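Last residue of the sequence shown? That's 347 in my numbering, and every number before it is there in order.
Warning: the hint list may mix true and false statements.
Capping the alpha-carbon separation at 30 angstroms, the derived lysine-lysine pairs in DSS-like fashion look like this [unchecked claim]:
| no. | residue 1 | residue 2 |
| --- | --- | --- |
| 1 | K266 | K233 |
| 2 | K266 | K222 |
| 3 | K267 | K336 |
FRET-style restraints, in silico, Cβ to Cβ [said to hold, decoys possible]:
| no. | residue 1 | residue 2 | range |
| --- | --- | --- | --- |
| 4 | K277 | S314 | 24 to 34 angstroms |
| 5 | E288 | K238 | 30 to 40 angstroms |
| 6 | S230 | D315 | 13 to 23 angstroms |
| 7 | R260 | I334 | 34 to 44 angstroms |
| 8 | K299 | S326 | 30 to 40 angstroms |
| 9 | S289 | K241 | 13 to 23 angstroms |
| 10 | K267 | R332 | 34 to 44 angstroms |
I should point out that these hints are in silico values taken from the structure, not numbers from a laboratory.
All figures in this text were calculated on a predicted structure; none of them were measured in a lab.
Positions of the beta carbon are idealized from the N, C-alpha and C atoms, including for glycine.
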Amino acid sequence: MKGSYILIVKLKDDLSISIGKKEKRKFFKGSYVYIGSAVNCLEKRIQRHLRDDKKMHWHIDYLLKYANITDIFYKESTYKEECDIAKGLDKNLMSIKGFGCSDCKCESHLFYGSKERIRRIINKLEVHRFCNEKT
213 MKGSYILIVK LKDDLSISIG KKEKRKFFKG SYVYIGSAVN CLEKRIQRHL
263 RDDKKMHWHI DYLLKYANIT DIFYKESTYK EECDIAKGLD KNLMSIKGFG
313 CSDCKCESHL FYGSKERIRR IINKLEVHRF CNEKT
């Protein structure tokens with residue numbers, strides 16, 4: 213299965229987190245939405261994000277060291293829709309500039325907002341909930 217996925221992530225405390233080797237960023241406690249895609253195997257990409265033991269590769273890996281995934285949604289597609297989804301979220305949530313979008317022209321693929329607002333936005337998208345024992 214190919215497509216895009218949405219991780220709903222909860223951070224319990226305000227933290228400064230090193231993203232990669234150079235950049236340290238301040239994150240506020242609360243709910244975040246991360247948009248990604250998998251052009252080969254969507255299930256494997258999602259399962260990778262759920263693992264604790266993984267090589268730090270993407271921006272989201274560094275955040276997930278300190279945050280918990282609370283929900284996962286996905287949308288099957290033969291083309292990358294993550295940027296379209298991100299642009300829609302950017303209109304309704306606070307974007308974390310430059311996060312997760314080094315391979316595109318988006319401002320961000322990580323957004324911050326209230327749990328209720330995030331739920332309302334997700335409910336309007338044509339996505340499916342990914343069921344897993346960890347979420």
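Hint-by-hint comparison with the structure:
| no. | hint | in the structure |
| --- | --- | --- |
| 1 | K266 - K233 | holds, 16 angstroms |
| 2 | K266 - K222 | holds, 19 angstroms |
| 3 | K267 - K336 | violated, 34 angstroms |
| 4 | K277 - S314: 24 to 34 angstroms | violated, 19 angstroms |
| 5 | E288 - K238: 30 to 40 angstroms | holds, 35 angstroms |
| 6 | S230 - D315: 13 to 23 angstroms | holds, 21 angstroms |
| 7 | R260 - I334: 34 to 44 angstroms | violated, 21 angstroms |
| 8 | K299 - S326: 30 to 40 angstroms | violated, 20 angstroms |
| 9 | S289 - K241: 13 to 23 angstroms | violated, 33 angstroms |
| 10 | K267 - R332: 34 to 44 angstroms | holds, 35 angstroms |
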